[in-house]
Amino acid sequence: MSHGASLTFVLGGARSGKSGHAERLLMERPAPWRYIATAQAYDAEMRARIAAHAARRPAGWITVEEPLDLAGALAAMPEGAPVLIDCLTLWLTNVMLAPDGRDVEAESLRLAGTLARPRGPWIVVSNETGLGIVPDNALARRFRDAAGRLNQMVAQKADNVLFMVAGLAMQVK
Amino acid sequence: MSHGASLTFVLGGARSGKSGHAERLLMERPAPWRYIATAQAYDAEMRARIAAHAARRPAGWITVEEPLDLAGALAAMPEGAPVLIDCLTLWLTNVMLAPDGRDVEAESLRLAGTLARPRGPWIVVSNETGLGIVPDNALARRFRDAAGRLNQMVAQKADNVLFMVAGLAMQVK
Amino acid sequence: MSHGASLTFVLGGARSGKSGHAERLLMERPAPWRYIATAQAYDAEMRARIAAHAARRPAGWITVEEPLDLAGALAAMPEGAPVLIDCLTLWLTNVMLAPDGRDVEAESLRLAGTLARPRGPWIVVSNETGLGIVPDNALARRFRDAAGRLNQMVAQKADNVLFMVAGLAMQVK
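Residue numbers (the working numbering), protein chains in the order written: chain E, 2 to 174; chain H, 2 to 174; chain Z, 2 to 174.
These aren't lab readings, by the way, just hints derived from the structure by calculation. Remember, predicted model here, so these are calculated numbers, not experimental data. One thing to keep in mind: the hints can contain errors.
If you want the footprint, here are the derived chain Z segments under chain E, 3+ residues with CB under 8 Å [what the hints assert, rightly or not]:
no. : segment
1   : 11–20
2   : 127–133
Pairwise CB distance ranges (calculated) [unchecked claim]:
no. : chain 1 : residue 1 : chain 2 : residue 2 : range
3   : H       : A53       : Z       : A53       : 37 to 43 Å
4   : H       : E29       : Z       : L110      : 26 to 32 Å
5   : E       : M97       : H       : R111      : 53 to 59 Å
From the three backbone atoms N, C-alpha and C, an ideal C-beta is built for every residue, glycine too.
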């Protein structure tokens, strides 16, 4: 692991303040801060969410949009650079819905392997989606299972794991 | 802030013991205890829930029903009185479904401002609803976003924040 | 309570690592380890889940399948034996869907009473399902309420309560 390199995992529900908290954490490091956005603006609702996120970030942020090849985007990050990956849940959605029929488990393992060797202060954000009622439809159940497994893999590799509750961070690891 | 005034925020899932815990906490103060109920009995299921809640509360409780004007109901509370507000989630539902088309964000900000200046030991209960799969329908997604934002605002103002898990309180703040 | 007897309650979402954590905890005790499985393989998806769980358990495990009479299965366990009950959520599903129309609340109380008197190191696993949006259908709401009440009863009796987040255990009690 490089000097000053570490992996912080910020996990939480929708509107739990994950991204805001992760941004503030990363900004404790010197600028510039890299932001790897996995969101794809495929409808108006998503475009509005992405714009709201971007508007909150001040100068000093360099945004990279990468819906699928997160491992590649991370490999291209400068040594020692503070990086925020936001978020794993949308990346997983993109992988599951990719028209070329990807192996979700294999891609998850590969990404977790990359995250296990941070080359700077890296912070990764993800959604917890498994604490509601079992979803009616099979795709949602498969997604929930894949997301839970991915979150476990990343949490195992992380130096710090935070669980967000109403904007407040609980230290889990 | 008045002498002895404080805001405690009790957050949790359905059937996590939020109301029961909040009632026991408030009853550590001298009676009478004010209970501001935001529930509206618009169907049989809801009537049964309200009745079950009320039946659990012993003598010494003064119940005020206020589905919409929570800020007004709080302004009418006596100085120093122990007050339980149960719950923000139903209040938000009422605001979102109000026929006069209210500005949910503005009303949430106004309520959070009132809660930030407690005039006695105030306890406010709310549901965490963002830890499941993304809901299919757009109204549920808007509700989940608005609820998460409101919970964050209130948690930020609160002196104590408790996250309920199977009837047990985890101190978050 | 027998010598060395205790009840540990492992609660968490789908794919939060509940079963794996509970198995590792139990295997800190001397073999053989009893596994009471409440799952019923009524479709292909469930058969695959059960097979995946079983494949992970090494030699030294004795599996008992008991979808409904958990209190009876526990009464048949040897004095002092380490036992894993996995999980309460499926047991509750089985009780609610049983063709003989069982009293869910009475059965929950009876099971909680049995768990309150462990005769060895017993670990019980359950799902938290109340942290998402209110489900559309009434059966799901009834299930969620019954599951939350059962979880509260068991957590109250337990010596240790763990809340699982991405494979990591938070000590709640």
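Right, here's what the structure says about each hint:
1. 11–20: holds (count 6)
2. 127–133: holds (count 5)
3. H:A53 with Z:A53: 37 to 43 Å: holds, 40 Å
4. H:E29 with Z:L110: 26 to 32 Å: Because 28 Å falls inside the window, the suggested range holds.
5. E:M97 with H:R111: 53 to 59 Å: With Cβ atoms ~41 Å apart, the hint is violated.
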